[in-house]
Every structure is written in C-alpha cells, then in structure tokens.
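Chain X is already provided as a structure; the job is to place chain G on it using the hints.
First to last, the sequence lines map onto chains X and G.
Per this note's numbering, the very first residue in the first sequence carries number 155; after that it's consecutive.
Per this note's numbering, the very first residue in the second sequence carries number 114; after that it's consecutive.
Watch out, some of these pointers could steer you wrong.
Pair ranges (Cβ atoms, derived) [claimed, not checked]:
# : chain 1 : residue 1 : chain 2 : residue 2 : range
1 : X       : D231      : G       : L188      : 38 to 44 Å
2 : X       : S193      : G       : A194      : 22 to 28 Å
3 : X       : D205      : G       : A194      : 39 to 45 Å
In short, the hints are calculated from the structure, not lab data.
The beta carbon of each residue, even a glycine, is placed where N, CA and C say it ideally should be.
Chain by chain, the residues run as shown.
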Amino acid sequence: DAMVIQNPRYQVTQFGKPVTLSCSQTLNHNVMYWYQQKSSQAPKLLFHYYDKDFNNEADTPDNFQSRRPNTSFCFLDIRSPGLGDAAMYLCATSRAQGAEAFFGQGTRLTVV
Amino acid sequence: SQQGEEDPQALSIQEGENATMNCSYKTSINNLQWYRQNSGRGLVHLILIRSNEREKHSGRLRVTLDTSKKSSSLLITASRAADTASYFCATHYAGGTSYGKLTFGQGTILTVHP
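Next up, chain X with everything else stripped away, as it sits in the complex (with noise of 0.2 Å):
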C-alpha cells in the first residue's frame, strides 16, 4: 500500500498560473519534507515540517509556499511558476527529525 502519496503524478501549467501540488501520508509521521528536483541534480530541501513547526530554506524562494492543514496532508503551492521551475517536486515523511525519510512518486511539473 502506497504510504506517501502525491498527487497528480504530472502537472503542466502556465507560466505565471498559481498551482498547488499535494502530498498525503498514511504513517502518521511529525515530520514531512517538500524537495524539488531537477534533471541529474540532487533533491534540493525546500521546508520541512516538524509537527505543525515550519521551517524554511534560506534561499527558497518567495514564489513557493506551504500548508499543512494537519498530520496527514501538506500542499506545495508556487504562486507564479517561471519556466525554471520545472522540476520534479518530492514529498517525503519520517518518523522523527533525521530518521529514515519515505518519499511520493513525485509530481512532474511542466511550465509551458
């Protein structure tokens, strides 16, 4: 059974339309961590959640944000995407801060 599950899978949008990718997690874990990569590149840590404790990257960008309304869900939304914002976006969950982390699929995101 899928654990951390992100929808969609693949997302196109429009250059400068808002659009929220979504993460759902069945394993109750405090902790969730949003990542964005691209192509050939290592995960790069966007925020992370410790309970209801928001943490943002020093040079995430303005355009990105996020929610999580409660355990099991968190949002990703980029406000205006720019053509370099597509990338693979990667949700993942732990047990505990530096515990073993479990990723989604990933949401492919295309800006046109």
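Same frame as chain X, but now just chain G:
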C-alpha cells in the same frame, strides 16, 4: 553549501562486480543515510548509519563512516542489472539552524551491464 559531495558522478560496471560510491560532507552530523532513485521515481531508503557507528551491513550493502574525514562509502557487492539507479547520500546535521534537515549529496549514477 552543506550538501555533500559524491564521487564518482557516474559508475559503469559489469554484473557481478562490486560498486563503491563515496560521499563527503562538511559539518558535524547525527547520521548519514543512503538512498536509491530509479529514473523518474521517488527515493528509497537503503541504510542509515549513526555518527557513533563505523560500519553497517544490510544484505549486499556495506556502509562505512569516517567522521574524522567527514566521509562515507557505500559498497554494493555482486552487483546486478537491477541495481542500475542513482544513489544519494543524505546527512542529518547535528544542530544549530540545520537541525532536522535531511540534505542530499549530488549522487552517483550507477549502470550495471548484464
């Protein structure tokens, strides 16, 4: 950057050979983890080694950690074509503003030829 560096960037071997990948990092860590990623998919956790451990095994995987050199290696023995993937190390830093983050290195692309 706190991200680790991995080498080699790409590794091509024959089935049955061993594959060794290396990872270096910059600051004190609580643990170091290795992940595997098949093309276009999410990452899968392979093994975690704590800062007070020097070596760990899991099946055909062997991980070493040298905190004095701030480096780790992943050895895959008797490789199979199905091991073809990208392999990433990830570090959980010990404190300060980095606490709680899981930060990934650049990765090694492993190709195992049948």
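Okay, the hints, checked on the actual structure:
no. : hint                        : in the structure
1   : D231/X x L188/G: 38 to 44 Å : 42 Å, holds
2   : S193/X x A194/G: 22 to 28 Å : 23 Å, holds
3   : D205/X x A194/G: 39 to 45 Å : 42 Å, holds
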